[in-house]
Structure formats: structure tokens, C-alpha cells
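In mature numbering (1 follows the signal peptide of the UniProt record, and there is no 0), the protein residues as written are -22 to -1, 1 to 352.
Careful: at least some of the hints might be erroneous.
Here are the simulated lysine-lysine pairs, BS3-like style, with alpha carbons at most 30 Å apart [claimed, not checked]: (1) K145 <-> K163; (2) K33 <-> K130; (3) K235 <-> K262; (4) K195 <-> K84; (5) K195 <-> K235; (6) K163 <-> K83; (7) K33 <-> K84; (8) K30 <-> K83; (9) K45 <-> K130; (10) K262 <-> K246; (11) K84 <-> K234; (12) K109 <-> K45; (13) K45 <-> K262; (14) K83 <-> K45; (15) K262 <-> K163; (16) K145 <-> K352; (17) K83 <-> K130; (18) K235 <-> K246; (19) K109 <-> K246; (20) K163 <-> K246; (21) K234 <-> K145; (22) K30 <-> K84; (23) K145 <-> K195; (24) K30 <-> K145.
Computed Cβ-Cβ distance ranges for the label pairs, DEER-style [unchecked claim]: (25) A264 <-> E203: 37 to 45 Å; (26) A264 <-> T60: 18 to 26 Å; (27) E191 <-> P230: 30 to 38 Å; (28) N71 <-> D182: 17 to 25 Å; (29) R302 <-> R231: 16 to 24 Å.
These are calculated hints, taken from the structure and not from any lab test. Backbone N, C-alpha and C fix where the C-beta goes; we use that ideal spot for every residue, glycine too.
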Amino acid sequence: MRYRIGLFGLCVLGITAGSLWAQVAQPAAQQQQAAVQPGEPLSRLAFGSCAKQDKPQLIWDAVIETKPQLFLLLGDNIYGDTQDMQVLRDKWNLLGAQPGYQRLKKSCPILATWDDHDYGANDAGAEYPEKRESQQIFHDFFGVPPNSPRRKYEGVYHAQVFGPPGKRVQIILLDVRYFRSPLVKGFKPGEPGDGYRGVYLPNDDPAATILGEAQWKWLAEQLREPAELRLICSGTQILPDEHGSECWGNFPRERKKLFATIRESQAKGVVLLSGDRHLAELMKLAPEEAGIGYPLYEATSSSLNAPSGNVTKAGVRFANEINRYRVGLTFFDINFGNVLIDWNQPDPLVRVQVREEQGQVVLQQQILLSQLQK
């Protein structure tokens, strides 16, 4: 079955590899072995989220087969869920000991942010009491140098630009946990057939925040940096605002502020990546709703080894959850994502893909770079 909306479709494609222009510092225990070639464009990257550290992680070989120049871990990279920092560190070490993860480290650099479980507690925000210690453990695992500025500020947000002028890709990894205000619990029933709904209602308090003041200021500055393509990465979904599970829609004012920040910075080339949900889907927000002069696309990829209960209970890999921005279907089995950029075309083509555990493409969005311009 094939779904097409404009340039969108479900199909399998092969793309040639390029090279990476950046170096990710790692200590000896976490050292990356992949070659780095300065000045070459970033044309292949992979991303994913939600990896149970105490379960087999068979997906990494399929990831490596796609020859990514960079891998983005988008949160729930382990399931820590503790206030005992030694337990948290031990769980990170279990991820580090996974044979497939070790092979991935040797094949390409890894950049990461966190979500709630690797932060330290389910659905946690600013109230988590061990967040400062958890941040340092996170930095230790991913090899952030002791003298790095990232060790000094609160939160794990960071950004990096890859590639030469005219082919620059900016990776922006947000921290949606460290500063986040409390969630509002409640259930809003929907019409029969609308799809699954979660347990949270919108928090419309003007003082409520996801990113916090310092991170908002930093993000506005980052969006003014020169880049042709920008991947904004969030542990939780950004576009969906109906399903009632954790998402930016839990904080409507913050969601609107994100769109306004993109608009006011006049940033071009923005694409959103997210995790958390133990499902994969592709989404599109129309230009008139986004208010930034071009459509916003989002790809959610989750989970790397812990599929949604919809798979085991219903025996199917596609099912329904309310989301008016979705393009095509929702995929509930084990998955990871790719972003493939063909810089050789006069109008570069960006393919955002979701692949299942064996590496087959199950969802895809095709976006011409010119479509991400005002």
C-alpha cells in the first residue's frame, strides 16, 4: 500500500554516503573511531530514542548498514528511573556495554539529549531533585570534556554546525526536562474512532515553561547562526497537541513561542525530530498555522528496542492515535530514523525516513530544500 501527498510517499530508496565536518570529543572509554573529513557536507545521519539498557539491542547493525555519518540519540537512551546516582550510572554503563552500541560508536560520532527516563524519573521536569548530578553523569557517558562550557550551565542542550558554506546542517538538541514546569493531569474524552488519548491537559499558565529563560535565549541565538538545513531535536513531540500524552502541546504557550522564535529569527530550513512515544510517525504543519512562512515537518522515531503495546496486543505494526498533523500511518514496531540529504541536486532533496528493525524503509517524507524557505 502506498500513500502519496505531494512529494510524500512510502517507498524504499538507497542514497550514497558523504562525509562529516565536525569532531565530537570523547574520553578514551567512549572514543569514536569514525574518520572525520573537514569541509565535506553532512549527507547521511540517523536518529532514534527509547532504548532499554537491559534488553537486547539488535537494531544497531541495521543502523550501521545505512552508513550514517552521525547518530542522534533523542532521549530515553536508558531507563534510569531512580534517585540513586550510582544506580543511574550503572544503567548508563549497561548501554555502553551493549555490543551493537559499541559497534555504532566505532562507525560514527554520537550526539545526544535526554528525555524523562534517562533524566531520572518518568514524566519528570524541573522538580527532579537529582538533576544536577544526573547532568554530570550524562556528560560523563557521552564524553563531554571536564573543561567544556557544557559542564558549567544547567541542562544538556547544545548545538553544532556541520559542513561547508552552502551545505551547512545545524543540529540543535533541546533539553525539555531540566526546566520544565509541572504537567496538568486530566483526561479529555474524544469521539469514538478518534484514537488513543493520554492523561494530560494543557497547562496554559503564562509562567509555565518547557525550556526555561536561559535556554530560550540560547535557542534564539542559535537560530540566527548561518545554516541551510536545521534539525531541531526534542525528546518529546512538538507538533501534535491532541493526544494528551507528553508533548509540547501540554504547554500551548511554549509551543507557540517556539514557532514565534523560528519566525522572528528568520531561520530557514527547519525540520523537527523527536522521540519518546514508542511509535514512529511523520507530520506536517501548514505554513499558515506555523506562521513562519513555510511548512514545518516533524519525524518521530521510537523505540529502538521496546515497541509499543499496540504491537503485542493487537498483533499489528500500524494503528491509530489522534494526530491531525500526521502524514500517512503510525508505525508501532521497533524503528530508527534517517535524514538523507542529496546536495548534488540544484535544489537539494531531504529524505526523512523511518526504518524497521531489519532496516527496511516503512515511512518517508521527501522535502526540497526550497520548500523550507520563506
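Here is what the structure says about each hint:
1. K145 <-> K163: Violated, at about 44 Å.
2. K33 <-> K130: Measuring from Cα to Cα gives roughly 34 Å; hence the hint is violated.
3. K235 <-> K262: OK: K235 and K262 at ~18 Å, within 30 Å.
4. K195 <-> K84: 35 Å, violated
5. K195 <-> K235: Given pair K195, K235 holds - Cα atoms ~12 Å apart, limit 30 Å.
6. K163 <-> K83: 39 Å, violated
7. K33 <-> K84: 21 Å, holds
8. K30 <-> K83: Holds. K30 to K83 sits at ~18 Å (cutoff 30 Å).
9. K45 <-> K130: Not satisfied, since the Cα-Cα distance of roughly 34 Å exceeds 30 Å.
10. K262 <-> K246: Holds, at roughly 16 Å.
11. K84 <-> K234: 40 Å, violated
12. K109 <-> K45: Cα-Cα ~34 Å, so violated.
13. K45 <-> K262: Holds, at about 27 Å.
14. K83 <-> K45: With Cα atoms ~12 Å apart, K83 and K45 stay inside 30 Å; holds.
15. K262 <-> K163: Holds. K262 to K163 sits at ~27 Å (cutoff 30 Å).
16. K145 <-> K352: 18 Å, holds
17. K83 <-> K130: 26 Å, holds
18. K235 <-> K246: Holds: K235 and K246 sit about 17 Å apart, inside 30 Å.
19. K109 <-> K246: With Cα atoms ~33 Å apart, K109 and K246 exceed 30 Å; violated.
20. K163 <-> K246: Given that 30 Å is the threshold and the Cα spacing comes to 36 Å, the pair is violated.
21. K234 <-> K145: 29 Å, holds
22. K30 <-> K84: 21 Å, holds
23. K145 <-> K195: With Cα atoms ~26 Å apart, K145 and K195 stay inside 30 Å; holds.
24. K30 <-> K145: Given pair K30, K145 is violated - Cα atoms ~35 Å apart, limit 30 Å.
25. A264 <-> E203: 37 to 45 Å: At 26 Å between Cβs, range violated.
26. A264 <-> T60: 18 to 26 Å: 42 Å, violated
27. E191 <-> P230: 30 to 38 Å: 18 Å, violated
28. N71 <-> D182: 17 to 25 Å: 41 Å, violated
29. R302 <-> R231: 16 to 24 Å: 20 Å, holds
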